[in-house]
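*Asks:* In case you want the letters, here they are:
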Amino acid sequence: MAIELNGKTYETDEEGYLADLSQWDEDIATYMANDDDIELTDAHWEVINFLREYYEEYQIAPAVRVLTKAIGKKLGKDKGNSKYLYQLFPYGPAKQACKFGGLPKPTGCV
Amino acid sequence: MNTNKLSDRASSAEQHILSRIDSRIASFFSSCVHCGMCAEACHFYKETGDPKYTPIYKLEPMRKIWKHHHTFWGKLFGTLGWSTLPDEQMLEDWQELVYDSCTLCSRCSLVCPVGNDIAYMVRQQREGFSAAGFAPEGLKGASERSIELGSPMGVTATTLLATIKHQEKECGIPIPVDQQGSDYLVLLSSLEIVGFPEYIGAIARIFKQADISWTISTKGFEATNSGIQIGNSEIAREIVERVVNAAESLGVKAVISPECGHAYTSIRWDAPNLLGRELPFKVIHILELLHELQSQGKLKTVGTFDTPLTYHDPCSIARKGGVIKEPRDLLNQVSSDFREMTPTGEMNWCCGGGGGVSAIDEAEELRFKAFHRKSEQVNKLGVKVLVTACANCRNTIEEGLENYEMDVEVVGLTELIAGQLESAG
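Chains A and B, in that order, are what the protein sequence lines are.
Under my numbering, the letters of the first sequence match residues -13 to 96, in that order.
Under my numbering, the letters of the second sequence match residues 2 to 426, in that order.
Among these hints, one or two may not hold up.
[Stated by the list, open to error] No farther apart than 30 angstroms at their CA atoms in a straight line, the calculated lysine-lysine pairs in the BS3-like style are these:
no.	chain 1	residue 1	chain 2	residue 2
1	A	K63	B	K370
2	B	K370	B	K53
3	A	K65	B	K53
4	A	K65	B	K370
5	A	K81	B	K370
6	A	K(-6)	A	K81
7	A	K60	A	K81
Think of the hints as simulated: they come from the structure by calculation, not from any bench.
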């Protein structure tokens, strides 16, 4: 599958995650979010940017509980809880934010 | 139905399950007295009241195959073409019973009055289900990642090393990696590496105080075994082989299983069987080692943790491994108000996420239902802290507590001890 945007072609997998991480830019993030009826605010970007930094360091897309805990550690308990994160990303904070951030689909905790 | 009409998948499941019916399993089926005690022992049955969750009923496909091949009437009916071997529909229907609603916790095995090891039977039945493709996507993915990337969560040596670096900074102690000739090789579970990395810092502090020579291997660090959970001995063997190879090439005297339940039974008991040889090193659970240090006076702690707390026995460690006294002796050294759940120890109720269940997305609702049992146990004690010794239990319990809106903190026992160390200040 592919998304055509501003003259650029973004390859995606069958679940809509970017196939090539290096293709990511803010336009595709906004496009994917709009597709899910979400308008990206600073609060969304804070999580997406956090995830991208996390991936850069650990080379893994974190599972939702790992993300929640890591966010709590860095940004405080007000943001490191399921309620807050699900409000921002109703289809699952890890899955949806990873998708918008151009990262692979996170696995569950196993 | 006629056996000749079985689909390829159903035939494949039949052949694989048949190959797993050893003399033990055959005698278990002949011995079952249909008393239903296993149902009363199962948290999935107790919390739903649905008779389909009776442990022995989860083995209906295997029982049919046993009957067909191993009993007089089964053989006779088979000859006449009246066989009732499980067809594809039945296998599909049973997938939920074999995987989503069984944590292989072995509580049913323990209560069975005729001594049937039902959890062992479910584990063997899973071999047939997974070989024929009747397995949950979550577990298939975890098994694939274990083989391709080295861990069910996709944790690689890069992730491990980044985590170690953070922990070194936090605890101020260098963490030995790939160090030849160390006494102990420390294994980790993926979930610990990404979810509870404080465990690594905790053992670094404890081992420094006790002057233990240890290392982590970048080639064989993953202790969890998706092959055991999905029921695929080939995958299970490959996973334990990595650890065994790493331990042998580093020349360690012992391998320490982490705060994880099934990892302990996998490397301690499954590994020699899967590899067909004795392991040239000792396998010990972290709690057993800490207990050894305690007995030798090498676990020097100050003061006590005074918040009321309880301990959740991970099934694989307590019920299967017999490590029951050790955590209690350790807790009594560092806690001034340790309260036991009822029942506890070998009869403790499972958290509901073991045996691969936590990896199955579609099992979430059922898992929360089963967790109701644990939540009631904890509620009765009025504690605000729950200690355990398994990353998977810990994760399942944290999710369960959140689901039941309970304000209880979950802590790993090793971390709790590290927090009370003399050198912790």
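*Asks:* Each hint needs a verdict: does it hold in this structure or not?
*Replies:* Status of the hints after comparison with the structure:
| no. | hint | result |
| --- | --- | --- |
| 1 | K63/A - K370/B | holds (27 angstroms) |
| 2 | K370/B - K53/B | holds (15 angstroms) |
| 3 | K65/A - K53/B | violated (41 angstroms) |
| 4 | K65/A - K370/B | holds (28 angstroms) |
| 5 | K81/A - K370/B | holds (24 angstroms) |
| 6 | K(-6)/A - K81/A | holds (24 angstroms) |
| 7 | K60/A - K81/A | holds (20 angstroms) |
Figure legend: structure checked against the earlier numbered hints; the only hint not met is number 3.
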